[in-house]
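**Q** The residues making up each chain are set out below.
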Amino acid sequence: MKPLVEMRDIAKNFGGVHALKGVDLDIHAGEVVALLGHNGAGKSVLVQILSGVFAPSRGTIRIEGREAYFASPADARAAHIETIYQTLALAENLDAAGNFFLGRELTNSLGFLRKKEMRDIAAEAIHRLNPNFSNVTTPVRHLSGGQRQAIAIARAVHFDARVLIMDEPAAALGPHETAQVGDLIRRLREQGLGILLVSHDLHEVFALADRVVVFRNGQRVGAARTSETNQDAVLQMMIAGIAEPSAEGAGA
Amino acid sequence: MSTAILFQGDNRRRRLDRVGPIWIVLALVLVAATLLSDRFLSPDNIVNVLHQGAIVGIVALGMTVVLISGHFDLSTGAVVMMAAVMSIVIGPSTPGLTVVAIILPLLAGAAVGLVNGLVVAGLKANSIIATLGMQFLLFGGVLAAVGGAHVRTDGETEFFLALAGGSLFGLPMPVVVFLGLAVFAAVLMHLTVYGRHLYAIGGDVEAARRAGIRLVRDGTFAFVLSGTFAAISGILVASRVRHLDPTGVAGYEFPALTAAVLGGAALSGGIGRPLDTVAAILVITIVTNVMTLKGLPYSSQLFAQGLILAAAVAYHEYRRRES
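So the sequences go chain by chain: S and A. Take the first sequence: its letters are residues 1 to 252, numbered as in the working numbering. Take the second sequence: its letters are residues 1001 to 1323, numbered as in the working numbering.
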């Protein structure tokens, strides 16, 4: 099956600094890929290239087989790649429904907001992800980290995300909420989304991901199915991995 | 069980949020005023209260919209003065001049707002400094233009005089204009995409940017609205007087700011409601009215206004921290 996302030989230079030195990454539908590596390994640069924040210095991105070029985050979103930022990017003074439709509001023929309809759609979409979430008219500042995450993810799913990039999704959450987000990610995978998970937490990675890809110093130093490796082996790659030849298409 | 109680408290608080605590204050102030002075409830006095609040109230509505966007507009007082002087200098003595004496100040007020907005939303200048600078610029400019002298006019058309002197449904025209603009502002802020986006910009500009909201265009329009509203106030001032000391029409921006904040608009942006500003204007006007009826001096009225503002800021900050 053709991958949802194929990134080939992606390099990114900032002046003289080679943040990424030509890496490959595939994400298939219905798959959770975890991107691992220490700070400065190049994970977040790759994420930002895929979400349209940076243009790569070299390399190609193909989405469902077609070559894509992202000049802005809006381009990536148009290609159904949605990013759940660590900070979640929600306006705290608006309620869940307001944030859900922010920038894509529904209006009637006179230009007025269709508030009830937006509330109902948002409530249903969020409820599907988080059954404990009841009131979409509460300002976001009163909500927990897990509930905020549910809004951000439900929004991405509702607007037809095919690929979801999740940058440290559990960083700001308590243990109970982390478990909820884990359930959520599994459900989205079942629905056929491709998920790129960036995380420092090996526990979380092994609980959620189908594959791990390890970066070190801007190069890809390893990849494995989580079912066929263990935390020690992955840690070993993160610390002392050696760049592997660019050949994802053939291997994992 | 404990969560049930928690949710109840939550709901009660939310209901209070929806009504706006300022309306409870207004009810209390109304009761107190009625008890304190038997003249307060007379129709003449009620109309008088509304009339006094209308001019600064219109400025306060624009201020509320700008505060929601996360900024201040301190140039509005100078815009009131500029518009009033323009109207009088043009001299609305014929139908043609009347139209000019209304349209030109409105355009000037909108233009001032446009410049404010582009400097603040476009160039990211601090709005307090930028609009304070605009205030000085306008004061200096207008005073220089009229040579520092008083301006006067004569033989205004009936229509122009009716702007401040006429009435509709028993309400003075400025009150009608004020309430009309309040409804307009409330509809704009609560029922349109523009209002929703302005709340988002004031609440979290980064979230708004990532949602694809046009920050410069939407932020600038808030200032255009504020400048236009202030110009409307200025035209109403001009309609009320024949003769105007430009330096006497100053300082509307701070009572307007007081009212907006008393109504619950957050200085940090993203929170505030035009109709709550109307209630706040009524509270302030009633308090000063009752003090006047009781024969208390102007100095104590200023003191009371200061006290109200301090209490309002303290209350709102406390509640926001608590939640």
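Read the hints as simulated data drawn from the structure, not as lab findings. A couple of the hints might just be wrong.
Facing chain S, a subset of chain A residues (Cβ under 10 Å, in silico) [what the hints assert, rightly or not]:
#	residue
1	Val1187
2	His1197
3	Asp1204
4	Arg1209
Just so you know, even glycine gets a beta-carbon here, dropped at the ideal spot from N, CA and C.
**Q** The structure should be examined with respect to each hint, and the outcome stated for every one.
**A** Cross-check of the supplied hints:
1. Of the supplied interface hints, the one on Val1187 (chain A) holds, with its beta-carbon coming within about 8 Å of a beta-carbon of chain S, less than 10 Å.
2. Annotation: His1197 (chain A) was flagged as interfacial toward chain S, and the flag holds, the nearest CB pair being 8 Å apart, inside 10 Å.
3. Interface hint at Asp1204 (chain A): satisfied, since its Cβ lies 4 Å from the closest Cβ of chain S, which is below the 10 Å cut-off.
4. For the restraint placing Arg1209 (chain A) at the interface with chain S, the shortest Cβ-Cβ distance is roughly 9 Å, inside the 10 Å limit, so the hint holds.
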